[in-house]
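Top to bottom, those sequences are chains A and B. The first sequence runs 1 to 419 under our numbering. The second sequence runs 1001 to 1296 under our numbering.
Hints were generated in silico from the structure; no laboratory data involved. Quantities reported herein were computed from a predicted structural model and do not represent experimental measurements. Glycine included, every Cβ here is placed at the ideal spot set by N, Cα and C. Wrong hints could be hidden among the right ones.
Stated by the list, open to error - If the Cβ cut is set under 10 Å, some of the chain B residues that face chain A in the computed set are:
hint, residue
1, 1057
2, 1065
3, 1121
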Amino acid sequence: MTSPPIARATTTPALWWVGLGLALVSVVLGLVALVTGPVGLLLILALVLAAVMVLVWVWRLLTPVAAPAAVPAAPVPAAVSARPVLRQQGPVPVPPSGAAPPSTHVVGRAPAPLIPGPAPAPAASPDPRWLERDPFYSALEAPDAAVRAFIAPKHEADSMVECEDSYALDSAARRYAVADGVSGSELPRPWARLLARTFVQHPNYFTDAAAFAAQLPRLGEQWRAWVTEIWFPTLNGGRAPGDGDAEFQRRVKAGAQATLLGCALVEAAQRPRQYTAQVVAVGDADFFQFRRAGTAWQQVATYPIADPHDFGRFPHTLLTNPDYAEKAVEWRRIGDFPVEAGDLLVLATDSLAKWLLDQVREGGNQWQQVLACQSADAFTALIAAARKGTDGHTALEDDDVTLLLITVPPFSAGKGSRR
Amino acid sequence: MPQPYSQRLSRRYPGLFIILIDQSGSMQETIPGQNDVSKADYAASALNEVIYAMIRQGKYDPATGLPRKYAYLSIFGYGSTVNSLLTANGAPIDIAFMSNHPLRYETREKDEFDAVNNTWVRTSERVPIWIEPRAEGQTEMAQALTRARDVIRAWLNAPPEPNQGVRRDGFPPIVLNITDGQHQGAGDPLAAAREIMAEQTSCGNVLLYNCHFTRDMANPTVFPNDVSQVAHLNPFSAQLFYMSSPIPDNLRKKAEEINSGRPVAPGARGMVYNSDASMLVRFLTWGTVGTTGVEG
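Build the full structure now, drawing on both the sequences and the hints.
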């Protein structure tokens, strides 16, 4: 490869020698002209020129060329190969027609890394707190005397924006819902909130099969509108996704998933002036009914999952992708439960529901404390304790948790009491 | 304590993947029947495909609009020297950053079936490229493994980023080594591999998987559980066997999927010998997004 740099003599002495040589040549030429006349002078000049050229050639051969040590090497692309290699249709690549020249690979120099320095921080996004003001992330209905509502992200340190559960309630209409957004789907929190809120506003969209099949794609459309018209432009300085953002479009089409558990108290068909809890479930959020037995609560009903072993990793979900609307009708479970004033109804997302079932089965005492919980701080402490799994009882899994505790009110023939 | 290797990757407990890719001179050989496509082209293409798959696996973080940071990547190419292909110093980089920093894009044409009109339609898609093919010099595999070990140690000991858990509590780092031959150069690759496999988190030891990639398209030996299954193939194959981690029990099922459904015996090593191009892609996918679940 390249020779090591070799120091060459500076040019100043060389100039001296050239000057001296020229002076000598002038003197010799003057003498020759005096003796031979003009023709002889020309002949001599030609000989001298040839001799100088030979000398220069010999000098170049003897002097090594120094490497330009002070000038950094120009960057060289790591390699050249801009042809498609692997195709979608199969793992074995097919070279494109019109034989391209064989690929060339640069030899000798280290390739430039993707990022020349340490990885810089990603470009600043808008303050993430804007999401906390978005109606899909905030504006959860306030609990009241009859309903206690608790929601917590998977990790205590996480902000609520990270929480993918949501809930909705309307105490006056006696309608309640919890929804659990699936982590492996795109932007599930707004979808969870949209489903819960829609159940509370229009329970018949979920209880009536025809309405359900018709409304679900429209709800998916609302989710897509939020993603493309609010979320994405806010993060991207107002820029709307163009057709070119194929990856964005792919993700939006794949969409969000969430489980839903809705409960509406309606007048019982066979028991005038009594409530029935009408429960709609898609997925593994669970409904519990407890009744007072002395000072403790006694489990009366659990729906749709009664065995803690039945909680799986891939529950049925509601999808924003309209291709799954028919499946959702199939996956929907509906149950009616006669309730009495003073009963405690519990809506819990999967991990907490499983933990409650385990606790009741194992005769733990923490579940009674959870049912008695009155404040968000107390709830946080109880969840932290449950995650530790004290006294040999099964621990609560790390997951977002949502809990609605509803005390069944005395019957009143108000808003929403009819089916 | 959780079961070994049961921790799923998440934004709280992200994984570290280190890919070592042989870029020695022999990678310049073309694939039989594919005059203008070299092994280096295949390997780079497979890597780009897998990086893209990892990014797609990460769902949007609502606060940033980028895929969630559930994984970090370091990629080293080794020939006569070991070169970091992502960051200058080899420090791991998260997939959220990778997602919007490709080296360039490439437009590819593909045929898609249009079910409405009952016909094939040629469409084009723009795919990101992060890694370029390259082939040069010797095979300094031991040095590459030592670089991987140093990256693992530094990453496990570094303080986590905000909202991340302690790195020693997450799924252990995975090293994927792709080579077309054998170590040629300084050091002992087996000793370097053992040092890597000795590193650990509370979920288990670091996993080192090796894929020997060939132009011959011979029958690949996939996940051997005894050295006698590979020792006759090449003087180097037995060494590669001992350089490969046994596949943890609860990851064996996934391994069967890339082995075309054939069972993977207990104690089988994370090793493929004489892999063809298709197996290389499956191996890389299994070793990254397919190894353990992603929680988001």
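The hints, checked one at a time:
1. 1057: holds (9 Å)
2. 1065: holds (4 Å)
3. 1121: With a closest approach of 13 Å, the residue 1121 of chain B hint is violated.
Checked against the numbered hints above, the structure breaks only hint 3 and satisfies the rest.
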